[in-house]
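K.L.:
Given next are the chains, with one letter for each unit.
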Amino acid sequence: MDSNTPLPNGTSEVVLRAKKLNVYYGSNRAVRDVDLDISENTVVAFIGPSGCGKSTVLRCFNRMNDLIAAARVEGSITFRDDDIYAPNVDAVELRSRIGMVFQRPNPFPKSIYENIAFGARINGYKGNMDELVEQSLRKAALWDEVKDKLKQSGLALSGGQQQRLCIARAIAISPEVILMDEPCSALDPISTLKVEELIQELKQQYTIIIVTHNMQQASRVSDHTAFYNAEATEKGNKIGYLVEYDRTEVIFQNPAQQKTQEYISGRFG
Amino acid sequence: MIAQTPPSPESASVAAERPYYPNTSWRYGLDRLFVIAIWSAIAIAIAALGLLLFDILLDGLPTLSSQFLQGFPSRSAERAGVYPALLGTIWVMLVVMFVSFPLGVGAGIYLEEFAEDNLFTRLVEININNLAGVPSIIYGLLGLFLFVRLLAPITGGRTVLSGGLTLALLILPVIIVATREALRAVPDSLRQGGYALGATRWQVIWEQVFPIALPGILTGTILGLSRAIGETAPLIVVGAVAYISFVPEGLQSAFTVLPIQIFSWASRPQQPFHAIAASGIIVLMIVLLLMNGAAIYLRNRFQKERL
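Protein sequence lines, in the order shown, are assigned to chains S and U.
Every number in this note's numbering is 296 more than the matching position in the first sequence, counting from 1.
Every number in this note's numbering is 172 more than the matching position in the second sequence, counting from 1.
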């Protein structure tokens, strides 16, 4: 069997732990037997070829898969030792603690200010909204670019600014974890660089899981890297599984699995 | 239009070596043909409408006076007025608006955002689409049975309320279908963005989805109300009367509406009544324009608000 044991980590606490995670869409299994520990204040990159289930696994962590009627999750995911799929867990409350940034920037068609304030308001924020908006935009390295046009539409920003606005929106509700699903795939290289620098900043306060197709990006921003692969079944579907999970240097310089070696050296995928 | 350079002989010889035959002159010809076709379509439609308007204005303007607007029906065309019918139309349309908009939009939201996709909802869906095509006289019969007879204690029989409710039923499918289409056009990424921030389903719909869908919903509502204001048949069945010498004073008041008044005048043999029927049509069109104008104003305001 593969060496997909959870990554041992000496010092920091485990925030998220997947155990024997299986995801089904209808009767098709999309992901099998993922075991994975995410420790506090690290950046974890999920890499692998298309269809290997990395986004599917990511969406299990904040139960976004609940929104797809046919999706079913087996196994367990614990968030600070609480099973997030337990019947008494409220997915809405969970999502306010585990934020998400999507592949394509999806600001709300409202003002920049409202984009940030919305999440805070629905989560019952009692503090000073103006301060929160400024703080969140500063953390997302967007404040200087938008401070004079907070009343303007979020859609009027460039793609890279929109994505940073989405990040600001996510951190405005002080999540503990931020999930990023290929956040730079729709951005130009300069915007990508800004988002990557931002991830380095945010690491001090948040735990970040980032799905990426860009291996340079994974090696630049992440502390740990999980490599997923897909195998075809007799029925013709693909099942994703975790091949190897280790510190990023190990994955990129001295991977234990041959598949990982082949993937990172560009021989497939 | 983009200026096109004719292909030079050299480029033609180059093209001959490749297994493609662009045949641009034929394709541009088709382009021009299509432009001519759609222009004639719109020209015919506008010409027909213009002719109709011209004819109505020619017939109706001379008799359109403040006395006509404030007068009651009469045996002589010179003294007849449109006042009770005008107010009847306004009363009925208010009932239609207040009933059909919340019900139609609510049903649309439920079917699109809440209902699970199962056999039952699919049956409901097919039924609603069919209902949109049911002849209006059938709604009249339904209204007669349901509102005039069965619910007489509430509606008071052949009243403004019965008429308004009947027309509201008639346009409900139009509003439901328009609402669903408008909701479906809202990108799913916005719903996901809302959910990912810890919003509940209602918060996502109310704060993110509904404001974006509202202009489309209002467009559907305009179409529905425009249909309702011109309906005659169901109201005749429900019991609007053409000769009425008083103004409706409440929901349980007997009534008539403009189309019925116009119909009754137009079907008389005497020519002067035909002229005031045309004046009635002008009044009806002005009411329709005002109503649609208000809805379009609202729609544009919402569109501006969402930036």
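Keep in mind that the hints were calculated from the coordinates and are not lab data.
Among these hints, one or two may not hold up.
Stated by the list, open to error - Selected chain U positions facing chain S (Cβ under 7 Å, derived; list incomplete):
no.	residue
1	Gly-370
2	Ala-371
3	Gln-375
4	Ile-377
5	Gln-380
6	Gly-388
7	Thr-391
Note that beta-carbon positions come from the ideal geometry of N, C-alpha and C, so glycine has one too.
K.L.:
Give me the numbers of the hints this structure contradicts, sorted from smallest to largest.
P.N.:
4, 6 and 7
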